[in-house]
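Visitor: With chain A fixed as given, assemble chain B onto it according to the hints.
The listed protein sequences derive, respectively, from chains A and B. Residue numbers for the first sequence follow my numbering, beginning at 1 and rising by one. Residue numbers for the second sequence follow my numbering, beginning at 1 and rising by one.
These are calculated hints, taken from the structure and not from any lab test. In this text, all values refer to a predicted model and were calculated from it rather than measured experimentally. Note that the Cβ used here is the ideal one computed from N, Cα and C, for glycine as well. Do not rely on the hints blindly, as some may be mistaken.
Stated by the list, open to error - Selected chain A positions facing chain B (Cβ under 7 Å, derived; list incomplete):
| hint | residue |
| --- | --- |
| 1 | His6 |
| 2 | Glu13 |
| 3 | Pro122 |
| 4 | Glu123 |
| 5 | Pro126 |
| 6 | Ala128 |
| 7 | Arg134 |
| 8 | Phe140 |
| 9 | Gly141 |
| 10 | Ser143 |
| 11 | Gln216 |
| 12 | Gln217 |
| 13 | Ser260 |
| 14 | Val261 |
Here is how the chains run, residue by residue.
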Amino acid sequence: MAFFPHLLLATLEGLVTSAVLALTALGLSLVFGVMRIVNVAHGEFFMLGAVLAWAITITLTGHPALGFAVALVLSPLIVGGIAWIAERLVLRRLEYNPEATIVATIGLLYIIQQLALTFYGPEARPVAPPFSYRIQLPWFGYSGYKLSIIAASALLLLATWFVLTRTRIGLVMRATQYDRETALAFGIPVGRVYGAVFALGAMLAAVAAVLIVPIQQAHYLMGLDPLLLSFIVVIIGGLGSLRGTVVAALLIGVSDGIISVFFSPTLAKIIATLVVALVLVFRPQGLFGTATK
Amino acid sequence: MTEDNRFFDLGKTGLTRRTALKGLAAGAGLMAAPGFVRYSQAQSSAPIKIGFQAHRTGIGAAYGRWYEKTTNAAVKLINDAGGINGRPIEIIVEDDGTDPKRGAEVVGKFASQHKTDIVFGTLFSHVVVGSAPTAGELKIPYYVVSEGYHVASGKLNRWVFQPGITDVRAQVTSVAPWIAANIGKKVTMIYPDYAFGYDHRDYFAPAIKAQGGDVIAQIPIPPTESSFTKYLPQIPADTEVLYHVMVGPGVLTFVKELGEFYGSNKPQLFGFIDSLEAVDINSPGLEFLDGSHFWEGSPRYAQANDSEAQKAYRAAVGIDDNGASVGDAKDVSTAAHMFGCWETLYVIKKAMEDSGYKGPEDRAKLVEATEALTEFKEGPEHPQGDKIFNGKIHQVFGHQNISKVEGGKLKVVHRTSIEDGMYEPEADYTTQPL
Numbered sequence: 001m002a003f004f005p006h007l008l009l010a011t012l013e014g015l016v017t018s019a020v021l022a023l024t025a026l027g028l029s030l031v032f033g034v035m036r037i038v039n040v041a042h043g044e045f046f047m048l049g050a051v052l053a054w055a056i057t058i059t060l061t062g063h064p065a066l067g068f069a070v071a072l073v074l075s076p077l078i079v080g081g082i083a084w085i086a087e088r089l090v091l092r093r094l095e096y097n098p099e100a101t102i103v104a105t106i107g108l109l110y111i112i113q114q115l116a117l118t119f120y121g122p123e124a125r126p127v128a129p130p131f132s133y134r135i136q137l138p139w140f141g142y143s144g145y146k147l148s149i150i151a152a153s154a155l156l157l158l159a160t161w162f163v164l165t166r167t168r169i170g171l172v173m174r175a176t177q178y179d180r181e182t183a184l185a186f187g188i189p190v191g192r193v194y195g196a197v198f199a200l201g202a203m204l205a206a207v208a209a210v211l212i213v214p215i216q217q218a219h220y221l222m223g224l225d226p227l228l229l230s231f232i233v234v235i236i237g238g239l240g241s242l243r244g245t246v247v248a249a250l251l252i253g254v255s256d257g258i259i260s261v262f263f264s265p266t267l268a269k270i271i272a273t274l275v276v277a278l279v280l281v282f283r284p285q286g287l288f289g290t291a292t293k
Numbered sequence: 001m002t003e004d005n006r007f008f009d010l011g012k013t014g015l016t017r018r019t020a021l022k023g024l025a026a027g028a029g030l031m032a033a034p035g036f037v038r039y040s041q042a043q044s045s046a047p048i049k050i051g052f053q054a055h056r057t058g059i060g061a062a063y064g065r066w067y068e069k070t071t072n073a074a075v076k077l078i079n080d081a082g083g084i085n086g087r088p089i090e091i092i093v094e095d096d097g098t099d100p101k102r103g104a105e106v107v108g109k110f111a112s113q114h115k116t117d118i119v120f121g122t123l124f125s126h127v128v129v130g131s132a133p134t135a136g137e138l139k140i141p142y143y144v145v146s147e148g149y150h151v152a153s154g155k156l157n158r159w160v161f162q163p164g165i166t167d168v169r170a171q172v173t174s175v176a177p178w179i180a181a182n183i184g185k186k187v188t189m190i191y192p193d194y195a196f197g198y199d200h201r202d203y204f205a206p207a208i209k210a211q212g213g214d215v216i217a218q219i220p221i222p223p224t225e226s227s228f229t230k231y232l233p234q235i236p237a238d239t240e241v242l243y244h245v246m247v248g249p250g251v252l253t254f255v256k257e258l259g260e261f262y263g264s265n266k267p268q269l270f271g272f273i274d275s276l277e278a279v280d281i282n283s284p285g286l287e288f289l290d291g292s293h294f295w296e297g298s299p300r301y302a303q304a305n306d307s308e309a310q311k312a313y314r315a316a317v318g319i320d321d322n323g324a325s326v327g328d329a330k331d332v333s334t335a336a337h338m339f340g341c342w343e344t345l346y347v348i349k350k351a352m353e354d355s356g357y358k359g360p361e362d363r364a365k366l367v368e369a370t371e372a373l374t375e376f377k378e379g380p381e382h383p384q385g386d387k388i389f390n391g392k393i394h395q396v397f398g399h400q401n402i403s404k405v406e407g408g409k410l411k412v413v414h415r416t417s418i419e420d421g422m423y424e425p426e427a428d429y430t431t432q433p434l
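For reference, chain A alone in the conformation it holds in the complex (with noise of 0.2 Å):
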């Protein structure tokens, strides 16, 4: 294959990559960023997502695209509340203490993921596509569908970056992020915004899920790569910054495709890696993160 349309194909499918990363990245930073938690429990809430696509596309009949309109509405809400009791009953009752919080998140972890192997299987199941769009270009055909992701990608991102910037649920949680005493003694419902924000964390994994889940398979163990890439895309954009996770992803993911179709996907693994100790020593707040107070 020539180089241009080799090119092509590695920038598109790298921007698929970054598409389902950022989304996923998104809700690990702003879990991070809000409540100073590191969650490692990401990856479960994404794998989650993704079986209950399943579940819920297999109990639907009729067109594909109705059960796979459902999923995306229904699968979140119910990992987000998932996430939600989760947060009650650990996390609140750790008073997020971080040590102690990465320890019961390994737990959470190992709960949700025993819990689908019990309930799910160990299959990887797939899931039809709402279309299936062929797109053939000169010198290779493309999926209509991987393309879509990128546009709902950027469209979920910006509609987060709404509610975060411009509606009042935002404004608080932006304060609670910038200082959890004052915006306790403005009477802010600290412990009803942590809930909330574990919440919003977990829905964002699953709807990105639910996105990759009709060119992958729901399959129990699919969390840890996201959980992985994420937090190499959150270290180097800075945890906490919607800017820096977005601009991360996108570095990350085209990267990884342009490095994995032209010379060879460890290579790319390898150099994402070094780029977070390259971050990790001369910039440890994030490309895009604010110091530590």
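Guide: Here is chain B on its own, set in the frame of chain A:
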């Protein structure tokens, strides 16, 4: 702090060192008393314990579940017919997580804790390679159902056998002539980047060369990969046959992305059903496979000329004519491989009867008796077909099926002879001391 420490302070709870020692001595005395060793004189009726190293979790879990179903079906049949040497079989399952390190621990656990007679049932090649040294050290016979070439290669040890399923080298050697004669000579290979894939890489290329064909590109893919489009540009444009063998949860994505990439303008496809074991061939996105060919160890779909033995086997395991669970049409089996568990258990039965196996002290005799086996006749014990066993390399040889995807089913279009898959043995385990 002083108050909190009380729980761990033996002195304060009244438990002295002397009482503790007395308790220990009493326990040891009980264990040593004659009546405690229940089976010492009842050996003739105690069950034969088979440790089943199962992939219940991890990437092999779908295979593991069906290996377990097949094993249970065969054990039930053997036990109903009187067991082995008049003793029933008891299967003890341990999950290895499809992980080589845990696999070795599981073998150790079977030998020292469960005290099983043998270990059986492993599929994934890296787990077999990781577990075999432990089986050799503990001198416990280890019957795998893995299809990797590692057993026959001589790289493992005298305690490891593969008597119920053919190895990859034999499989690729026997299908190469058919590929070259029927679908094309310029082949691009896509395979997983670990031991199992390397068996394909190393033995298919010489086999197709011998038929006047050529492998023009080899594309290894890491087993944990979940997206494949980025590898597809590496496929040369003049490829006539795309040879694919993939395992793990990503395989369906692989085929779908291949379909999106090529559309209708595709090369011929030849795949190993490993790519789609436990996956419904009519899943959305797999229409692309229509007209392509697959290797199958044992056919997934019931064929018009199925033997009575094959029909009985399918009924016993509980799979319907489409190779799915009788109770759930969406629960597709790993039919191309799982027959190996069934046949291996009957080989173990034969070897135990030949050697007059009584207990773990006869393990060496069992190894020699297994090595002395030469052939298995097609029938209820070997529903997949005749087999020839080579005791020197501990490997069985048999027929292979090539099936075509037609109307959403796999139809066998060619069945190789046993000789098609034979190769010059490279090892002799019988020279190793027991």
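Visitor: Next step is simple, just say for each hint if it's right about the structure.
Guide: Hints and how they fare:
For His6 (chain A), the interface hint holds, since its Cβ comes within 7 Å of a Cβ in chain B; the closest pair sits about 5 Å apart. Because the beta carbon of Glu13 (chain A) sits about 5 Å from the nearest beta carbon in chain B, less than 7 Å, this interface hint is met. Nearest Cβ of chain B to the Cβ of Pro122 (chain A): about 3 Å, under the 7 Å cut. The hint holds. Because the beta carbon of Glu123 (chain A) sits about 5 Å from the nearest beta carbon in chain B, less than 7 Å, this interface hint is met.
With its C-beta approaching chain B no nearer than about 5 Å, Pro126 (chain A) sits inside the 7 Å limit, and its interface hint holds. Look at Ala128 (chain A): its Cβ gets to within about 4 Å of chain B, closer than 7 Å, so that hint holds up. Given hint, Arg134 (chain A) at the interface with chain B, holds; its Cβ is 6 Å from that chain's nearest Cβ, closer than 7 Å. At a threshold of 7 Å, the smallest CB-CB gap from Phe140 (chain A) to chain B is about 6 Å, leaving the interface hint in force.
Checking Gly141 (chain A) against chain B by beta carbon gives a least distance of about 5 Å; that is within 7 Å, so the hint holds. Here the hint on Ser143 (chain A) is kept, as its CB sits about 4 Å from the closest CB of chain B, short of 7 Å. Interface restraint check for Gln216 (chain A): the shortest CB-CB distance to chain B comes to about 5 Å, inside 7 Å, so the restraint holds. The beta carbon of Gln217 (chain A) is positioned within 7 Å of a beta carbon in chain B (closest approach about 5 Å), and the interface hint is therefore held.
Checking Ser260 (chain A) against chain B by beta carbon gives a least distance of about 5 Å; that is within 7 Å, so the hint holds. For Val261 (chain A), the interface hint holds, since its Cβ comes within 7 Å of a Cβ in chain B; the closest pair sits about 5 Å apart.
Against the hints set out earlier in the document, no violation occurs for any number.
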